[in-house]
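Starting from the known structure of chain A, fit chain B with the ligands onto it as the hints suggest.
Here the protein sequences come in this chain order: A and B.
Mapping of the first sequence onto the working numbering: position 314 corresponds to residue 314, and the numbering continues sequentially without gaps.
Mapping of the second sequence onto the working numbering: position 12 corresponds to residue 12, and the numbering continues sequentially without gaps.
To be clear, the hints were calculated from the coordinates, so they are not data collected in a lab.
One or more hints might be untrue.
To give a feel for the contact side, a few chain B residues facing chain A, derived at Cβ under 8 angstroms [stated by the list, open to error]: (1) Phe71; (2) Ala87; (3) Arg91.
Treat the numbers as computed from the prediction; the structure is a model and nothing was measured.
Backbone N, C-alpha and C define an ideal beta-carbon position, used for all residues, glycine too.
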Amino acid sequence: MRSDTQASFTPRLHMDVADARTHIRWGQWVARIIVFLVIVWLAQFLFTNPNFEWGTVWAWFNAPSIIKALWTTLWLAFVSMVLGTVLGVVLAVARMSHNGLLNAAAGVYIWFFRGTPLLVQLIFWFNMAALLPQISIGIPFGGPQLIIWSTNDLITPLTAALLGLALNEAAYMAEVIRGGLLSVDPGQREAARAYGMSSGQSLIRVVLPQAMRSIIPPTGNQLINIVKATSQVSVIAMSDLLYTVQSVYNRTFETIPLLLVAVIWYLIVTSILNVAQSFIEDHYARGHNSEQGLPALLRKLTSKHRRKPGGAQAADHSQARTKGPEK
Amino acid sequence: MSDTVVTASNVHKNFGDLEVLKGVSFDVHKGEVVVILGPSGSGKSTLLRCINHLEDMETGSIAVNGVQIGFETKKGDLYRAKDATIARQRRKVGMVFQQFNLFQHMTVMENLIEVPVRLHRVPRDKAVTRARDLLRQVGLDDRETSYPRQLSGGQQQRVAIARALAINPDLLLFDEPTSALDPELVGEVLATMRGLADAGHTMIVVTHEISFARQAADTVIFMDGGHIIEQGAPENVLESPKHERTREFLKRFLPV
Ligand SMILES: Nc1ncnc2c1ncn2[C@@H]1O[C@H](COP(=O)(O)OP(=O)(O)O)[C@@H](O)[C@H]1O
Ligand SMILES: [Mg+2]
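Pulled out of the complex, with its shape left as it was, chain A reads as follows (with noise of 0.2 angstroms):
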């Protein structure tokens, strides 16, 4: 039966698949030459328009002035993200805690600070005086207290910018642990508290190592993120690299050129970030791909040259890479 169904089915033609042309695709070719028009008129608005001073720009670059409100922006940007991933797995581990007022208080936190905009906060830190005029170590509800401080010495723009962008970090952070916990196995706890782990030892050996793979991702857009924001700390006259360049702008009027400046340290800072990422994404693949140390852009350029001579090898890569997930 099978075999007449098959004989009454005969190619017309039998043409060499190596021989065959493709078509010309308009579409793609439209497109391509509308984005080359953009480019062109960019590249001459960006060299041809004189308000843009780029004479300023370079003056301006890497003046010491400029170089340390870079360093601020900097310090301060990792500084709260420290604060705010410690503080993040805190409340990550509360909010999947079984004790129930932990876990509401983690999930109050995060409403809170998720809910509300950061340049609020920040001015609000800032305003903390006006709250509370003096903050105390003792014994509450009028027992005698051991230290006091005035509010006004404790807030200065520096701590309060830190305040405000770690405890916001923090909500932000706890979420992205939150996730990439429960994207672990159930049954590498298991396995951990059946050879005699303790709950932190399952968490720190077991549990954390492979949440890293999905928290990464993610950490990189806070990173990249929190760098930016730390510019709405300008409102409270902490002296970062938006506050700089405006507060030269305003003396010398040359607002285009030093916003330029500024534009161009942000996009180096993150651009560098991008690339660190992708590092650092790559050692906590650690166990799911075969090619470890390299970065993807390191590995796609590679690559290339590996796939042809080993093809059972890259179909073996291949193969463990879409294994990944399903477990």
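Relative to chain A, chain B with the ligands alone:
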């Protein structure tokens, strides 16, 4: 008797309103291989998980080498143990899971030495030497640096068995170790397990592999609906079962 490794008496376990174990009692002696058979949902996994206190139970008691895992006695009273104590009590019980549950971010070698080095404070070089011996024993001495995902299911399960042996266990628990494997990989894992049985390990094995029960078990327990229906030597339980439900169950495994 002093050579008793596990003593379970009158174990009851509920999940909410669902009564999963309805008074289970049995003993396991040193070097004994016990195979637990029974239809799915009869409570086999739950029983196994009660032994190392991965599940709490309602009434009854289970002791492993005289220790009730999950509990401690103070001045004659029984207390629920703290987490750190429970973790310590579990350290001489090896467990092999249906889904292997090897630590995915660690190499084969790291999987084998993690618990001995971190928890049992075995010097690292000693743990590595021991791990190499075990890998040779399960036929995977060339895969030390592989990650679990780079191994077949059968190889992963053999690594998981080596991980269980690496803690020098007093008791090995297996929960359907071959159920997640492709049929052609079942044999290698069963062969490894028969080797352990011959070497005198005390084992409790939940499985649907009747042939393994026939060849390696000292005792076969048949469970259904949260009860032990029948237990005894494999030639009795498997060849001439006394109970109707056992006969029904075994019929499914007869060669057609
Ligand atoms: N964590 C749990 N929560 C609620 N019910 C469960 C849980 N684990 C198992 N059960 C139920 O308990 C019964 C016995 O399950 P199990 O011990 O896994 O059986 P077996 O291993 O014999 O197939 C089943 O009805 C199952 O649905
Ligand atoms: Mg089961």
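Taking the hints in turn, this is what the structure says about them:
1. Phe71: Status violated, d = 16 angstroms.
2. Ala87: Since chain A brings a Cβ to about 5 angstroms from Ala87/B, closer than 8 angstroms, the hint holds.
3. Arg91: holds, 4 angstroms
Of the numbered hints listed earlier, the single one contradicted by the structure is hint 1.
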